[in-house]
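Asker: Residue numbers (my numbering), protein chains in the order written: chain F, 1 to 291; chain V, 1 to 396; chain A, 1 to 249; chain S, 1 to 333.
Everything labelled a hint here was simulated from the structure, so no lab data went into it. All C-beta atoms, glycine included, are put in the ideal place defined by N, C-alpha and C. A portion of the hints provided could be inaccurate.
Restricting the straight-line Cα-Cα distance to at most 27 Å, the calculated cross-link-like pairs of lysine-lysine (DSS-like) are [stated by the list, open to error]:
(1) Lys294/V to Lys132/F
(2) Lys165/S to Lys118/V
(3) Lys165/S to Lys82/S
(4) Lys396/V to Lys82/S
(5) Lys326/V to Lys337/V
(6) Lys395/V to Lys82/S
(7) Lys132/F to Lys215/V
Here's a subset of chain F near chain S, in silico, CB distances under 10 Å, partners left out [stated by the list, open to error]:
(8) Leu41
(9) Met182
(10) Ala183
(11) Ile228
To give an idea of the chain S side of the interface with chain V (calculated C-beta under 7 Å), a few residues [to be verified]:
(12) Gly145
(13) Phe163
(14) Asn243
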Amino acid sequence: MQELIASLVSVAFHGTAYGMILYVISVGLSVTMGLMGFANLAHGVFAMAGGYLLTTAMDSWGVPFPLALVISFVLVALGSVVLERLLYARLYSAGELAQVLFTIGLIFIATAVARLIYGTLQQPVHLPEYMKGQFSLLGRDFPTYRVFIILFGAALVSALWFGVERTRFGAMVRAAVDNRAMAQSVGIDTQMLFMATFALGSGLAGLGGALGAEIIAIQPSYPFEHLIYFLIVVAVGGLGSLRGPFVAALVIGIADTACKYWVPEFGAFLIYVATILLLLWRPAGLFGRQA
Amino acid sequence: MKSRTAFKIGLGLVASVLAMSATAQTVKIGFISTYSGPMASLGEEMERAVKLYMKLNGDKLPAGVKVELVARDDGGPNPDKGKQLAQELIVRDHVNFLAGVVWTPSAIAIAPLVTEAKVPFIVMNAGGSVITTLSPYIVRTSFTLWQAAYPMGQWAAKKYKRAYIAVSDFAPGHDSEAAFEKGFVTGGGEIVGRVRMPVSNPDFIPFMQRAKDAKPDIVFSFIPGGVQSTQIMKAFGDLGLAKAGVKFVGTGDIVSDEELPNMGDAPLGAVTAHHYSTAGDRPANKAFLAAWHKEYGAKATPNFLSVASYDGMDAIYTAIREQNGKIDPDQTIAILKNYKNPNSPRGPIAIDPETRDIIQNEYIRETRRVNGEMANVEIETIPDAKDYWKVFNGKK
Amino acid sequence: MSVVLETRSLCKRFGALTVADHIDFQLQAGARHALIGPNGAGKTTFVNMLTGRLAPTSGRIFLGGEDVSTLSQRERVRRGLGRTFQINSLFRGLSVVDNVALAVAERRGMGGRLFRSASSYADVRDEAMALLASLGLAEDAQVNLANLAYGKQRLVEIAITLAMKPRVLLLDEPAAGVPSIETHRILDVLDALPAEIGILIIEHDMDLVFRFAKRITILVNGATLLEGTPEEIAADPRVREVYLGERHD
Amino acid sequence: MRHNGSYSASPRIGLIEWLPWLLGVAAFFYLPEYLSLGARILVYILYALSVDLVVGYAGIVTLGHSAFFGLGAYAAGILSAKVGVTDPMLQMLVAIASCALLGAATGALILRTRGLTLLMLTLAIAAILLEVANKATSITGGADGLSGITVAPIFGLFRFDLFGKTAYWMCLVVLFICWWITRRIIYSPFGASLVGIRENHVRMASIGSPVSMRLLTAYTLSAMLAGVAGALLTQTNQFVGLNVLSFESAGELLVMLILGGVGRIYGAFVGPIVYMIAQDQLAKQFPEYWSLGIGVLLVAIVLFARGGLLGIVDLVVAHAKRGKSAFAGKEAP
């Protein structure tokens with residue numbers, strides 16, 4: 001019994017940390033897909049970029065860890081605006097196939113660029129001393145860094161929700177997700193809104209990639225390898241929603257960890273099966289509006 | 001009409017240019033390794049060793065004989081890619097030897113090709129026991145996982161009772177799991193749990209947590225070396241297994257020499273079985289290291305892949321010398337079967353004429369801090385270790 | 001005269017919003033019937049329920065006396081229910097004749113044949129060509145639809161539906177987007193439609209409605225306000241009330 | 001030239017359509033050292049053709065066709081390595097049957113959905129197969145791949161050889177048969193209705209077309225073609241590895257197809273030929289720049305040349321024709 005509880009606590013803890021990372025990375029994808037109807041498979045590129053920026057900032061520029069996180073967020077957000085204006089914006093009205101292929105192309109490019117600059121090896125993250133080791137709580141040890149991820153993630157989620165619920169920008173985003181034509185007709189500059197949302201979402205992905213570099217290894221095939229998990233979070237959570245992906249990310253993070261812990265012989269099989277069943281039952285996801 | 005003729009000429013030109021084959025006195029070695037993907041460091045270690053050997057031993061070739069290395073990248077554990085490259089090396093480049101190969105699955109996939117084409121194939125890393133049994137043209141200069149994991153199990157059983165096994169989920173992992181288990185259980189130990197982990201880029205934390213929760217005395221692990229060894233060490237450290245009194249044991253892969261500097265203090269006290277450590281106290285090893293540092297800089301560190309490739313090249317050069325540059329596949333194999341080198345950087349080695357697999361010393365090492373640097377210090381030697389899988393199963 | 005299409009107490013709710021409120025409606029064989037009402041009255045919803053694109057919340061639909069309430073779109077089409085769309089809904093990448101031939105083929109039940117080539121079905125092509133000729137589109141048969149003038153596209157819209165040989169034809173704003181000086185071409189086509197088809201037209205262009213329809217139903221807030229001949233409708237004071245402002249915006 | 005089922009266009013096989021086959025036969029005699037590459041190209045042409053049928057003709061955006069390619073490959077491989085059935089024809093039949101089953105079963109479930117949901121479902125199904133192949137080590141060999149595959153001589157006569165001669169002929173003949181069948185399907189009323197569904201599925205439903213059934217049929221047929229391609233790959237390589245099921249390889253195939261041109265049959269020929277020859281020659285020397293180039297090319301095609309290489313050829317031809325149209329008679333529709 002004692003042991004079962006111990007394992008449950010482990011799984012819940014590590015799963016939550018993983019889920020937080022998944023959420024921070026994927027939430028931007030959910031909003032941009034819901035808002036702009038853009039099938040952006042290249043979202044993982046932003047997360048990877050964040051991870052590389054973190055390690056570069058810390059190792060080459062000598063920036064302390066907290067500041068490196070900020071840098072990851074800001075630079076990725078800025079970079080994404082350039083991409084959005086130059087490329088994405090041309091394809092808002094194009095078909096799904098074109099968007100899919102375009103973003104796969106971006107993945108290829110990002111993978112190659114990452115390899116050219118950083119080589120093929122996984123980037124080691126040299127965490128500051130205060131993030132290493134364990135944190136004791138109720139007689140159990142928890143790795144300090146993952147405790148930090150959970151707390152940081154929770155703070156970020158609260159800020160994000162508060163922002164979208166209470167600010168003018170948030171209200172505009174919600175209006176545009178609900179009904180774009182309507183939002184346009186009441187004078188919301190949707191082009192600016194798209195750009196800002198895209199930047200925020202991509203910046204968050206960069207932050208998530210940086211934060212999660214310990215868990216999801218930063219290496220060039222990152223955007224391909226983890227794409228399916230980001231997409232699952234969005235599809236299961238429901239497009240355009242903030243809460244949906246949060247629930248989905250936590251569930252998937254915990255379920256994935258539980259599978260690795262108890263039934264490693266199944267791998268991610270159960271996650272995929274569950275995803276399919278859920279999408280067949282609710283094609284628009286848990287919190288999406290059903291057609 | 002005109003265009004068709006032009007087309008034919010074009011095709012013919014392309015074909016003839018591409019078909020230019022090796023000149024008589026050039027021995028071509030097709031070398032397959034991993035230069036890209038997450039495991040790219042492995043290919044570099046191997047190729048550096050091969051090139052270093054060629055540079056230092058050019059004078060040991062018969063007069064007029066040249067050796068040409070045709071290197072190909074399989075991008076990681078992609079057996080079909082490996083097989084395709086081997087096929088092209090044989091059919092298009094007409095190589096006299098195939099060499100290299102990091103991954104057991106690739107070596108397995110290549111085996112039928114070298115049998116059909118009668119091309120001697122020198123395995124310079126892949127450690128799955130079964131490989132040498134798949135073709136009479138395969139010779140291995142690296143190691144098998146049974147060679148390391150079985151003595152590790154025997155050694156551990158003398159000191160510990162409860163072991164947890166965590167290995168990568170592919171053939172070498174399965175081999176090392178079986179070998180350790182046999183050694184450990186025969187010696188009176190008990191396996192309290194096991195897990196097979198994904199081969200590439202896993203997050204080791206959940207697996208190590210599971211190991212910790214099983215409360216073993218030791219965790220035995222095999223993972224394909226390189227950066228992953230740092231990752232698993234970090235997970236072991238972050239979860240406080242050492243603090244909880246759990247010992248980390250494994251094959252040498254979990255404490256690859258070149259990654260040791262990145263691991264911090266986590267590997268202190270880890271005990272591993274392996275056939276090579278840069279800390280090995282032998283004149284041949286010292287000379288090898290000196291040459292390596294001279295060529296690639298003081299910071300560059302060779303590892304067991306480098307040594308196996310270095311020795312593999314020595315075997316190939318021996319065969320070339322004894323045949324005076326005219327390579328006959330069957331004669332080559334006959335020569336290689338009796339290849340011996342008492343002065344390899346890893347100690348005395350020989351090819352077992354029965355199995356074409358390597359016989360070498362296995363060292364039980366403990367990771368310690370020596371002069372401020374982490375090092376795998378040899379604490380026990382098991383001389384003339386064979387591939388125990390073949391010994392136990394009567395395979396050749 | 002017999003009733004070919006009938007709804008009984010048809011309702012549709014989206015959450016708290018009622019867009020169809022117990023609609024009882026009858027369409028006679030060979031009728032020229034118009035459904036009008038202000039924007040948001042629920043006309044398109046009503047048509048979508050008739051065709052089976054939307055499932056009603058409650059109520060029944062009868063086609064030729066048969067209860068089709070739960071049948072799929074396809075089943076209703078096979079029983080003789082055709083529709084056109086308010087916004088052109090055509091096959092833009094195909095030639096005009098292929099647009100129509102697809103529908104002919106489906107009606108004849110050979111649209112899914114796998115082996116013989118489509119062009120070997122000369123009868124399908126001939127029928128499509130004849131239909132196009134009857135609408136004055138013979139010249140344009142081989143033109144890619146996307147390159148066709150908008151007004152003609154509206155006619156193709158009707159041609160595709162006619163190819164289904166419907167007993168009942170639902171025309172959803174056939175003149176939408178066509179400049180008013182050209183609506184007469186649409187009207188000519190409508191006037192020439194076979195007399196035996198029962199037609200329900202939804203239209204904002206009141207000139208067209210009053211010139212074409214023999215009977216008019218007014219829908220307001222999802223419910224039937226009034227039904228009668230054009231003269232009766234024109235004379236009813238409630239209509240003016242509903243439409244005041246509506247026609248001037 | 002676009003090849004679409006049409007009620008007014010002739011389905012006759014044009015002269016230029018024989019060119020690929022001529023080249024295929026010529027390559028055998030002129031490029032004997034490149035036959036294994038050639039066989040691989042032929043396999044990928046077939047695979048691309050199957051994807052073109054669903055993506056290009058039926059307009060189903062799928063990222064999961066590797067499920068069928070992989071299933072075909074594994075079915076043939078497992079049959080040989082684990083069951084001991086070495087006859088290539090029998091292996092092929094089992095591969096086709098299993099892909100038909102999987103295609104029909106999954107298609108019936110997922111083709112009701114669209115957009116992201118459909119994309120996700122196709123991806124997840126392929127991911128499940130990958131995970132099964134990865135974990136069911138005793139049957140599939142897991143990450144080690146499935147080796148020990150032997151393929152008996154075709155009809156007991158033609159042995160699969162080191163140089164890939166037999167494999168090349170086998171691939172060429174099978175591709176020819178599949179091309180012929182696919183072409184007939186595309187030119188049939190069924191093929192025309194697929195294009196109708198791609199252009200406007202709502203309208204197709206409103207003219208009484210059984211849209212889901214048509215899509216399911218197309219999906220299943222395409223799954224079978226992909227299965228044939230997979231089985232061929234196994235027989236020519238005598239090895240099956242996990243990457244036949246990977247998302248990267250599915251993505252790579254889409255790249256080849258879009259490079260050639262989607263929805264025009266011969267895009268599926270041109271794409272893999274150009275891509276794989278370029279890869280054979282360039283990727284070895286410049287692996288990093290190779291994928292960079294592919295990415296840039298893909299983005300450029302999507303932004304500027306949606307029709308791929310064949311689309312560009314069309315434009316050039318149309319331009320040239322317009323130049324002399326005063327003399328040329330009727331222009332092909």
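Asker: Now tell me, hint by hint, if it's right for this structure.
Answerer: Here is what the structure says about each hint:
no., hint, verdict
1, Lys294/V to Lys132/F, "violated (37 Å)"
2, Lys165/S to Lys118/V, "holds (18 Å)"
3, Lys165/S to Lys82/S, "holds (26 Å)"
4, Lys396/V to Lys82/S, "holds (23 Å)"
5, Lys326/V to Lys337/V, "holds (18 Å)"
6, Lys395/V to Lys82/S, "holds (21 Å)"
7, Lys132/F to Lys215/V, "holds (23 Å)"
8, Leu41, "holds (8 Å)"
9, Met182, "violated (21 Å)"
10, Ala183, "violated (21 Å)"
11, Ile228, "holds (6 Å)"
12, Gly145, "holds (4 Å)"
13, Phe163, "holds (6 Å)"
14, Asn243, "holds (6 Å)"
When held up to the earlier numbered hints, the structure conflicts with 1, 9, 10 and fits the remainder.
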